[in-house]
Every structure is written in C-alpha cells, then in structure tokens.
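> Start from the sequences, fold in the hints, and give me the full structure.
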Amino acid sequence: MQQRIGKRDLILYAFMVAVLISIWLAMVQIDRQWQFIALTQEKLDDQTRDIADLRRQFRRGISVSTETAGAGDPNALPDSWRGFKRAVAATEMPDYARGDWLVYSFSSQVPSLTPYMSGDAYASSIQQWIIDGLVTRDPVTLEWLPHVAESWNISEDGLTISFVVRDGVVFSDGEPLTAEDVAFSWRFVMDEKIAAPRARAYLSRIDDVTVDGRTVTFRFTEPYFGSFSLAGNLGILPRHFYSKYLESVAAAEEYNTSTGLLLGSGPYRLPSPTAWKPGDLIELVRNERYWGWVPAPFDRRIWKTINSDAAQLTEFKNGGIDVYAALPLEYRDLTQNEEIMKRTRSYEYYNPRGGYSYIAWNNLRDGKPTAFADRRVREAMTYLTDRERVIDEVLLGYAQPANGPFNPLGKQADPSLSVRGYDLDKAKALLAEAGYLDRDGDGVLESEAGEPLAFKLTYPSGSDNYKRIMLLLKDLYVQAGVLMEPDPVDWPVLINTLNTKNFDAVSLAWTSGFEIDIYQMLHSSQTEPGGDNFISYINPGLDELIETARQEMDEEARMAIWHQVHREIWAEQPYTYLFRTKSLIFADRRIRNVQVVRAGLNEGGLWNMPMEWYVPTDAQKYSD
Amino acid sequence: MVNYVIRRLLLIFPTLLGITILVFAVMAAAPGGVGASLLSRSGDLRPEERAAMERYINERYGLDKPMPMQYLRWLNNVSPIGFRKDENNEDAGFGFKVPDLGMSFAKNRPVTQLVAQALPITLLLNALSVPLVFILSIVMGVYTARFRGQALDVGIGTANLALWSIPTIWMGVLLIGLLASEEYARIFPTSGLESLRADRWTFLPVVTEQGWQRGYLLDVVWHLVLPIVCLTYTGFAVLTKLTRSAVLENLQADYARTARAKGASERTVLWYHVFRNSLLPLLTVAASILPGMLVGSVIVESIFSIDGMGRLVVEAVQLRDREVVLSITLITSLLTLLSYLIVDICYAAADPRVSFE
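Going down the list, the sequences are from chains A and B.
Quick note: the first sequence uses my numbering, first residue 1, plus one each step.
Quick note: the second sequence uses my numbering, first residue 1, plus one each step.
There could be a bad hint or two in this list.
Within a straight-line C-alpha distance of at most 25 Å, the following computed DMTMM-like cross-link-like pairs (lysine to aspartate or glutamate) qualify [claimed, not checked]: (1) B/K85 - A/E192; (2) A/K582 - A/D414; (3) A/K411 - A/E603; (4) A/K277 - B/D199; (5) A/K304 - B/E315; (6) B/K85 - A/E254; (7) A/K304 - B/E194; (8) A/K621 - B/E209; (9) A/K85 - A/E143; (10) B/K65 - A/E528.
Read the hints as simulated data drawn from the structure, not as lab findings.
Here it is as structure tokens:
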C-alpha cells in the first residue's frame with residue numbers, strides 16, 4: 001500500500017480545490033445570467049403589452065392633453081401639479097440631462113425591503129423611491145402639495161379627510177393606481193396577520209377608509225393634529241400585487257418572511273419586484289412608466305453595503321461612493337483635504353428627522369421619590385450641564401444646544417426661550433435651596449438626612465463620543481459637589497432598565513420631525529408599563545396642555561399651545577435637553593443642483609420629493 | 001471497531017442536549033429581552049412603536065412562556081421526531097416530521113435560509129485559506145527542521161512569530177488603507193466579493209473592443225486576495241512549529257538513521273521516510289478544521305463586508321436572536337463531534353499501534 005503524500009499530491013489537491021471552486025462560481029454566474037435573461041424577457045413582455053395598448057389607443061384616435069405636453073415653464077404648471085414645480089424648474093436649467101447613476105453606501109445590511117417588514121431607516125430610505133404617498137411637501141415652505149392626490153378636503157371637526165386620486169397614475173407594472181389601492185394599503189397594514197405592529201401603532205388612529213369613485217375618505221377616531229400627515233403619507237401599495245398575502249395565515253407568513261416584495265408607483269423600481277434578498281446589491285432602476293410630470297433623472301440608484309468605517313471612507317476617497325455621510329472628525333479632516341474637495345462638495349445642515357439627545361431624570365425609583373423629583377435639582381443639573389463645551393470639545397462644533405423637544409426648524413418651538421448656559425453659582429444656589437449642602441465638609445453635597453447627592457447616569461455603550469461626553473459631565477458635576485458615575489450598558493439591557501424604571505438618570509435620543517407629539521414621553525398616563533414616560537414625570541398642567549394641543553386642528557392656535565408646552569417644559573426641566581447634531585454630507589461635484597433647504601437636502605427626506613438633482617451629460621460617469 | 005463507533009454515535013445525543021441546554025441557559029440569563037434589540041440599532045428611539053413592537057414579538061415567538069417550556073418548544077421543532085403541527089398550526093399527533101431550525105426574531109426569516117446564504121461564502125473563504133495555511137506551514141516546518149539553527153530557521157521562525165502577533169483587525173484596516181486606497185496604491189478593492197457590474201460579465205477574462213475585461217472568475221479572485229491574506233497570516237506560526245518539532249524528532253529516530261545507513265540520500269530520508277510519520281500530530285489539529293470551516297471569522301468578514309457565518313452568529317448573539325444562536329450551535333457541535341469521531345478512526349488507520357478493540 002503506497003500511502004505517500006508527496007509534493008505532487010499537494011499540488012494535485014490544490015488544483016482540485018481550485019477546479020471545484022471555479023465550477024461552483026461558474027454555476028453561480030450562469031444562474032445569475034439566467035435571472036438576467038428572465039428579467040429581460042419580462043421587460044420585453046411589458047413593452048409588447050404597452051405597444052399593444054398604444055396601438056389600441058391609436059385606433060380609437062388620440063387626444064393630446066394639454067396638461068401633460070412637455071415639461072415647460074414651472075410657473076405655468078396646472079395647479080394640481082404644483083408638487084412638481086421645483087423639479088420642473090430643475091429641468092429648465094441649461095445643462096440638465098438625464099442619465100448616470102447615484103451610488104450611496106450603507107454601513108449595515110438591510111434585512112428586508114418588503115414594506116413594513118424592517119424597522120430600520122435604511123429600508124425606508126429605499127422604499128420612498130418606489131412607494132408614493134398621496135401628498136408631498138415643499139422642502140422650503142413646508143406647505144403640503146398634491147402628489148398622487150390632486151386635491152383634498154378636511155372636515156370642520158378634523159375627523160374626516162378625503163383625497164381625490166389623480167387620473168392616470170400607474171404602478172411600475174403598468175396597472176392603474178386607484179382610490180381602491182389607497183384603501184387597501186390601510187387595510188393591509190391593519191390586518192393582524194401582517195407583522196407590522198410598528199405601523200399599526202400609528203395607523204390605528206384611522207377608524208375607517210372608504211372609497212367613492214376617485215375619492216378616498218379617511219375617518220379618524222379622534223381629532224389629532226398629525227391626522228393629515230398620517231393619511232397623506234400612507235404608502236400606497238398595489239392591491240393586485242399584495243392582496244394575495246391576506247388570503248390565509250400561510251400566505252401572510254410568506255409575506256412576513258419575505259425580503260424583497262416591493263412594487264409601487266414611484267420614480268424608481270426594483271429590477272424584479274420579488275427577487276431581492278439581503279446580501280444582493282441594492283439597485284433601483286428608473287420606472288419608465290412613472291406617472292409624474294418629471295421622470296427620474298438618474299438611470300439607477302445603487303446602495304453598496306460596506307460594514308467597516310475604514311473601508312467605507314477609503315471607498316469614498318477612491319470615488320466609489322457619490323454621497324457620503326461623515327462623522328465630525330472625518331468631516332473636519334476631509335474638508336481640509338484638497339484632493340477630496342476638488343472632487344466633492346460638502347454640506348452641513350440640521351436634519352429634521354435627526355432628533356435630539358437628552359438626559360432624563362428619574363422621579364420615582366422603587367416607589368420612593370428621588371432627588372430629581374425636585375424641580376430645583378433638575379434645573380441645577382441643567383445649569384451644570386455645559387452643553388456649549390460638550391459641543392465644542394466632543395462634537396467639534398457640529399451641533400446646536402437644545403432647550404426643548406421641539407425642532408427649531410419647525411414652528412412648534414417658542415423662539416423666545418433661551419438655552420441655559422453653564423452657571424455653577426446658580427446651580428449651587430438652587431441645590432442649597434432644595435436642601436443639598438456640604439454638611440460634613442468632604443466636598444460632596446448631602447441632603448438633610450445626610451444622603452450624598454450621587455447618582456448613576458445610564459447610557460448606551462459602544463459609542464466613543466458618548467463616553468467622552470459622560471466623562472466630561474462627570475467632571476462638571478463634581479465641581480458642584482454632585483457625584484455622577486457613568487454607567488454604559490448594552491442596548492437590550494438598557495431597554496430592560498427603562499421598562500423596570502430601575503435607574504437614576506438615563507441619556508438617550510428621540511427621533512424628531514417638524515411637528516412632533518410628546519404625549520408618549522411626558523404625559524402622566526404614559527407612566528404605565530409600555531408607555532415612554534419612564535421617568536414617572538407627572539405634571540397635570542402639562543398633561544392638559546398636551547391634550548388640547550393634540551386635538552387642536554387649527555395650525556396657528558395649535559402652535560400657540562405648543563409654545564406654552566415648550567415654556568412649561570423649559571421651566572420644569574423634566575429632561576435636560578442636550579443637543580441636535582448636524583448632518584455632514586459630501587456629494588460628488590458632478591451632481592448638480594444640490595441645495596441645503598429647510599427639510600435638509602433637496603432630495604429624499606421625510607416624504608416623496610420629486611427629484612431635483614442631475615448630472616450634466618459631459619460629467620456623467622456611469623452608463624448601462 | 002463497529003461497537004466503538006456505535007457507542008460513540010449514541011453518546012452524541014446526550015452531549016448535544018447538554019450543549020444546547022447550556023447555550024439556552026446562557027442566552028436566557030443574559031440581561032435584556034429578545035425584543036428589545038429589534039427596536040433600534042442606532043440608539044434612536046421612536047416613541048409609540050416601542051410597546052407595540054415588544055408586545056408583538058413576545059406573542060409571536062412565545063417569549064412570555066416559562067423558560068423550560070421555551071426550550072422544549074425549540075427542541076421539539078428541531079427534532080426529527082416529535083409533536084407535529086398541520087398547516088393551520090393545529091396539533092397533529094406525535095411522529096416523524098421535518099426538523100425546523102426555527103426563525104430569526106431579528107431578521108424575520110427562517111434560520112435555514114440565513115445559513116444557506118452565509119455558509120457557501122464562509123466555505124469558499126475557508127476552502128482556500130485552510131489548505132493554504134496547511135501547505136505553506138508544512139513546507140516551512142519541514143525546511144526549518146532540515147536547516148535547524150541556520151539563518152532560514154531563525155528567519156522563518158521570527159517572521160511567523162511577528163505575523164502571529166499582529167492583530168487581524170489592525171492588519172485588515174492597514175491593508176485596505178494602503179493597498180486599496182487611491183492615496184497610496186489602489187491594487188485591490190475595498191470591500192465585498194465582486195465588482196458593481198460583475199453579474200453581467202462573462203465568466204472568463206475576455207478582450208473586447210473597449211479593452212480587457214477581467215471576467216467574473218478573476219474578479220472574485222481579485223476580491224478574495226486581501227481577506228484570504230488576513231485569514232491566513234496568523235495561522236503559520238503554530239502549525240510550522242508543530243511540523244518542525246515532529247520532523248526533528250523523527251529525523252533523530254532510529255529508522256531515519258537506518259535509512260541513512262542503507263545509503264538513502266538525505267532528501268529521500270526527509271521526504272519519503274520522516275515526512276509521512278511527522279504528519280500524525282497535524283491530524284489532531286485537523287480535527288478542529290471541519291467545524292472551524294463553518295464558523296468563519298467575524299473580524300475579517302466585518303472589515304471586508306463579507307456576509308459569512310461569523311457575522312451571522314455574532315450579530316445574532318448581540319441581538320439576542322436565540323433561535324439562530326441555538327440552531328447554529330446545534331449544527332456546529334454536531335459537526336465537531338462527528339469530526340472528532342472521524343479523526344479517531346483515522347488514527348487507527350494511520351497508526352497501527354492505536355486500536356479500539
């Protein structure tokens with residue numbers, strides 16, 4: 001028996017491995033080319049159908065509507081199309097051209113593109129290009145503008161809102177979009193078989209949706225200021241595509257576990273509305289059947305998934321990513337890099353969705369009021385929290401201090417209120433007033449009972465910036481004789497801590513918008529399990545103000561109440577509001593008409609925004 | 001022999017039970033619920049959604065049941081014999097059924113699907129890097145033994161030790177920064193396993209009118225270079241030393257002297273007599289290869305944005321995604337136990353002194 005392993009065997013083995021792997025790779029590639037052929041076939045079928053439709057229309061005789069003849073002057077747009085005014089203005093620019101691709105990057109994999117099946121912001125930033133809503137908004141004036149709906153009507157009591165769905169809107173597979181589809185979209189989310197508890201939490205405010213011809217009417221259970229935005233931004237799903245998933249539990253389960261069931265009427269579509277799965281490149285192609293006044297300028301939008309920050313930065317420096325969101329430190333270095341600045345432009349702005357960081361002071365722990373139940377202590381802590389210094393030293397100035405939950409970009413915040421600056425004396429005086437004095441001369445404040453004023457500040461672990469902020473705050477607090485111990489915890493543990501209300505103070509961030517509801521965080525009813533008032537903050541005066549504001553449908557009157565709410569929060573300091581950070585974005589110079597507007601950048605954002613960016617023909621980089 | 005194998009096979013079941021109970025207990029004891037991690041990844045919370053989401057997940061996956069019940073439920077799912085359910089989720093008696101590895105809470109997808117997607121990628125990386133490490137280490141080991149104490153021995157020994165000491169995470173970032181960046185040398189790609197449009201390319205390289213196109217095969221190879229380097233360089237030190245000491249021992253053995261006395265050249269002694277006998281200790285190390293092949297490296301995968309098994313498992317642990325962790329534990333421990341058994345049988349085959357009778 002010859003059992004010798006020689007060099008020859010090793011070479012043979014290596015060769016075998018190489019051959020096997022090549023065969024496997026070849027099979028993968030052949031598979032994908034089959035899919036590509038299948039897609040091409042599908043497209044061909046679609047086109048044949050379109051041509052047949054056209055032929056039929058020719059036979060019947062054509063009427064060219066004046067409404068849709070050419071883009072033309074933005075000021076001459078019919079009133080029902082005024083949502084496209086800015087996009088039309090962009091097409092009027094001398095170097096406007098269609099074509100090229102837009103390449104973005106994500107730092108983690110998107111688990112699912114199927115509507116409502118993924119809670120992360122990445123999935124919704126893709127879906128907004130595919131799924132349309134009834135209305136859009138002007139990114140500068142924030143005025144509501146018609147989109148899929150051409151007009152709307154809000155009842156006097158604010159309980160019913162009806163929209164007239166535009167004629168001629170089609171989904172990307174050619175089927176027409178009707179009022180029935182809008183009503184179906186709501187019914188679909190509300191169906192308990194569909195795993196969309198997040199969306200249901202909001203949409204359950206809608207009592208019923210009825211259809212009468214082209215009109216779709218939403219009836220609400222109670223007057224609520226966010227009703228219009230809720231109905232108007234409801235993503236419209238095609239009934240013919242999604243209805244089969246409601247037929248049985250098994251079918252719904254197929255939907256719930258799917259990763260790429262995405263079809264809509266937006267300016268882009270997935271190459272195949274069913275095939276995408278995590279790990280594939282995320283790639284949207286232009287919807288050639290788009291109903292809007294202005295078709296999408298870019299041929300494709302692509303999102304690469306690059307997990308490591310270092311690799312992402314390198315890829316951006318190599319020119320492989322067109323739009324890149326930088327961290328403060330990266331941003332400062334990159335803006336000083338001449339090579340980079342020759343190729344890209346930088347943009348700084350406050351993102352309305354960005355939200356705010358805060359420290360929440362727990363009022364009740366183990367059934368006993370804590371030191372923070374006293375307003376004076378909370379106010380003193382705010383005076384001690386030197387936000388200007390945190391922003392300068394840790395965030396390199398790319399943030400603004402916050403004085404309340406409301407976004408200064410919207411009208412909700414009372415502009416007359418100041419941000420409390422760092423004031424050690426005022427803080428000491430307030431603490432003394434509340435009974436905290438250094439009674440035994442050790443430099444630490446004690447209550448009358450001799451308890452030292454010491455607490456743990458819980459925050460999510462994993463971020464270096466967060467850690468540096470906490471250490472800075474610890475230093476600041478100890479100057480007043482307050483002992484703070486930073487307590488970084490894992491995210492799942494943190495949620496558990498909030499549920500059991502077993503903490504002294506916690507630092508977190510809430511997401512935000514132009515007009516937000518603070519009922520969940522600060523209304524006394526939300527101290528119950530499941531509510532977000534985890535600090536057990538009870539203030540009947542504030543409760544009443546929040547309730548009235550939520551039900552007031554008149555914007556001006558409501559804003560006046562929100563201002564009152566803001567003043568009350570400012571005086572009471574249930575939270576110490578920390579800061580709102582800036583978005584720091586680089587965009588390739590070949591992309592034109594990138595502007596910073598009130599809603600952030602003039603693309604994407606909180607609602608379906610007709611596209612204004614483009615690349616002139618001679619600057620185009622990619623083509624099919 | 002057959003008796004021994006049967007006994008070992010039967011022992012696998014209690015061992016697996018023990019392993020999964022242990023892992024389940026650790027997961028259950030870890031602070032923070034399963035649902036919590038699904039609410040947000042970035043640390044931002046959206047009010048209103050929190051409670052609804054948590055309630056939903058608890059209900060859907062039975063997370064509000066007592067722990068032993070949850071474990072038994074999972075065990076029943078993965079076992080090929082147990083209580084069956086029909087299409088409408090009604091009980092359908094006891095008997096044989098298709099084992100179900102469960103669902104990922106976080107990704108809302110069957111575990112089998114996740115594994116089926118991640119496994120080929122990890123296997124691809126390991127099928128290339130493991131043989132590479134072994135072949136290079138064996139060759140280096142033999143030569144360092146042959147030229148013991150000389151410059152070659154010292155040089156290779158030092159170099160391997162130096163490589164072994166470099167943390168992979170630093171090496172990976174360094175390689176990307178130096179060899180994949182426009183600033184220095186852009187020889188290799190930064191991330192992923194293929195180029196942007198590689199799915200439309202031919203398989204083999206072609207020369208077209210627009211110039212040379214490397215084709216899908218070369219594109220994958222090109223993308224694999226840096227990850228493979230990162231996966232292999234730390235492995236040389238241990239295996240080289242192991243081979244070296246085994247070869248040294250055998251070179252001084254009586255049979256080697258006999259061979260030399262017969263007049264065999266030093267080359268023949270080394271490669272035809274000593275080499276084969278020196279591979280035995282490597283067999284022990286090889287036992288850990290098969291399960292190791294499935295596990296993947298979370299660091300290399302994260303740096304180069306490759307979706308392999310390593311990331312799948314670590315993400316699942318971070319998200320407290322219990323069924324994913326348990327099912328992958330089950331698969332890898334089953335394979336580990338089987339590969340130990342195979343290695344033990346191989347020992348008997350390779351070394352006549354070992355016998356199981």
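> Decide, hint by hint, whether the structure agrees.
Results for each hint:
1. B/K85 - A/E192: holds, 21 Å
2. A/K582 - A/D414: With a Cα-Cα distance of about 21 Å, the restraint between A/K582 and A/D414 holds, given a limit of 25 Å.
3. A/K411 - A/E603: Since the Cα atoms of A/K411 and A/E603 sit roughly 22 Å apart, the hinted pair holds (cutoff 25 Å).
4. A/K277 - B/D199: holds, 15 Å
5. A/K304 - B/E315: holds, 19 Å
6. B/K85 - A/E254: holds, 17 Å
7. A/K304 - B/E194: holds, 11 Å
8. A/K621 - B/E209: The given pair, whose Cα atoms are some 19 Å apart, holds under the 25 Å limit.
9. A/K85 - A/E143: holds, 13 Å
10. B/K65 - A/E528: holds, 22 Å
Checked against the numbered hints above, the structure violates none of them.
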